[in-house]
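Enquirer: Turn these sequences into a full structure, and let the hints guide you.
Chains A and B supply the protein sequences, listed in that same order.
Each residue of the first sequence is one higher than the last, beginning at 31 in our numbering.
Each residue of the second sequence is one higher than the last, beginning at 2 in our numbering.
Read the hints as simulated data drawn from the structure, not as lab findings.
Every residue gets a Cβ at the ideal spot worked out from N, C-alpha and C, and that includes glycine.
Incorrect hints may appear among the rest.
Some chain A residues near chain B, calculated using beta-carbon distances under 10 angstroms [unchecked claim]:
no.	residue
1	GLY139
2	ALA148
3	VAL325
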Amino acid sequence: MSGTHAIILSLFLCFLFTIPLFGTRFFTYTITCALIWGILVMAYDLICGYTGIVSLGHSVLYGMGAYSVGILSVMILKVTNPLILILSAIALGAFLGLILGFLCSFSRGVYALLVSFAFAQIFWLFVMADPLHITNGESGITGLRPPPLNLGGFTLDLFRGNGLYYLVLIVFLISYTLIRMITNSQFGFILKGIKENEDRLRSLGYDTRQYKMLAFTLSGIFSAIAGVLTAFLENAISPGIVHWITGAQILLMEILGGQGTLIGPVIGSFLVTFLKFWSGENWVYYLASLYILVVMFLPRGLWGVLQDLLAKLRK
Amino acid sequence: MLSLELLLIQIINGLFIGFVFTLVALGLSIVMGLLGVVNFAHGALYMLGAYVGYTLICLLSQNYVLGFISVVFACAGAGLIIFLAIVKPLKSKGRPPLDFLIALIGVNMIMEESIKSIWGAEPKYLPIPQIFSGQIAFGSLLLPKYQLCIIAISSVVLLLIYYFFYKTDVGIRSLASVEDPETASLQGVNLTRLGLLIFVIGAAVAGAGGILIGPIFSVTPTMGIEVLGLIFVIVIFGGLGSLEGTFLASILICEIRSLGSIFLPETLAEMLVYCLLLLILITRPRGIKGYAGILE
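Expert: Structure (structure tokens):
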């Protein structure tokens with residue numbers, strides 16, 4: 031990393047860490063949202079950008095992470111220990127990721143997308159129909175926020191307002207580091223190989239299906255964490271979170287920012303969140319038009335364009 | 002208690018929905034096979050058909066025939082715009098199928114939002130035409146007239162489509178191109194122009210499906226999204242570009258849903274359908290017909 035990079039990065043980090051000091055509550059809320067989406071879309075990038083499988087099923091990994099909080103803390107058991115909530119969400123996310131990866135690993139391209147689409151529909155219908163009486167059907171679950179932590183006399187509330195913001199920021203930075211480590215590892219290179227030419231990797235003796243399944247499992251873990259944070263932030267969840275439309279929104283942020291870069295997806299999630307909250311009621315039009323333009327004219331996304339511009343400036 | 006009457010009513014219900022969904026799925030199936038374009042805006046075209054029909058029939062005139070014809074033209078126009086603005090430029094750049102799909106999700110968002118802002122979010126009700134309201138008695142069995150009328154109208158449209166694809170030169174050419182797009186284009190078939198034609202026909206027929214079903218389901222801004230999933234199941238189950246396959250798949254799937262909802266809550270019956278899709282794609286990763294095709 032060059033000197034200028036380090037300076038820009040540390041300035042940006044300072045900005046992120048001081049936001050609650052100068053920003054309004056709504057601004058902090060927006061950034062919290064954007065960071066949570068950022069975690070989710072980075073997790074998605076592992077599948078879409080690196081492995082090359084376009085999935086609409088990440089809404090399930092994300093949504094069921096959020097639902098696991100609701101199920102454990104409100105519908106059954108009444109668990110309020112946040113650590114248990116997060117760990118069980120991670121376990122569920124990894125499990126669902128593994129299943130989705132298994133299902134998607136049979137087919138490729140549009141067929142894999144349709145598999146993930148069916149997966150999302152099944153879970154959405156399951157949450158809506160609620161045959162086990164754990165998801166509360168169409169009305170969803172409210173009151174998910176755990177009580178403040180009590181650490182020997184003084185209370186620490188990490189689950190609302192500024193406390194939650196810092197929790198989300200730290201989880202975001204840890205996730206970024208971990209996902210970056212994954213993509214830079216040998217495993218990450220194999221994933222890129224799957225995207226470039228899966229048949230060649232197979233002929234070299236790699237069992238690409240296992241790699242895909244592992245990638246989905248890892249992605250499921252981070253998606254479920256994002257789900258838990260959303261549950262804390264919103265304090266309520268409804269079945270819409272599991273619908274493939276949510277999956278399409280994740281895809282949209284990924285494409286807007288630029289696939290396979292990790293930074294791009296974060297840019298995408300910030301852009302979408304800000305458009306959503308700050309551009310009035312016509313935001314869907316702006317967003318969808320921007321999205322279509324990016325797909326048609328900037329296949330590498332906004333971050334790709336920025337990178338090209340920076341490279342030109344350096345020359 | 003399962004009575005024979007309930008069973009028959011559900012069979013008729015599944016049948017007429019199956020006919021309508023065949024109309025909606027056909028265009029999608031052939032365009033998917035021909036150009037690799039997975040049209041996520043197809044549900045929105047069906048919804049547009051229902052809304053335009055509602056406006057013409059309930060607000061402007063009471064003329065159903067005129068309404069039906071205008072809907073067909075309106076949806077064909079919308080399909081033409083989508084094709085020229087999105088599909089053709091992407092196709093000429095040689096972009097992969099997933100890019101079409103992603104761009105068309107954006108089109109779906111815009112169409113849905115425009116429909117919401119023009120007509121509002123609350124459901125609209127299209128009345129059943131006077132002559133088709135009421136029921137016909139077969140012995141002790143009462144069948145709603147309008148449902149039978151839908152089956153009749155859709156059969157006519159399906160026969161026209163069948164004639165087009167099996168008896169006219171353009172139709173035969175397009176089915177051949179679905180079988181093997183590469184060879185077809187080597188033989189001088191202009192795939193993009195053919196795709197345009199099929200896309201527009203598909204859009205028009207989807208809109209016709211929308212207005213036909215309008216009087217039975219309420220017309221809402223989510224009807225497009227709701228139908229889209231089932232349409233994909235039908236297309237994959239029927240095999241890309243297969244007319245008979247799509248028809249049979251559509252009837253089968255709608256019957257499963259309809260008969261399943263006798264024993265199960267409706268959502269669970271629908272879950273069965275998606276489990277079926279998963280099962281097909283796992284055992285036959287390239288769909289029932291199993292071409293590698295352009296969709297990978």
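Enquirer: State for each hint whether it applies.
Expert: Hints versus structure:
| no. | hint | in the structure |
| --- | --- | --- |
| 1 | GLY139 | 4 angstroms, holds |
| 2 | ALA148 | 4 angstroms, holds |
| 3 | VAL325 | 4 angstroms, holds |
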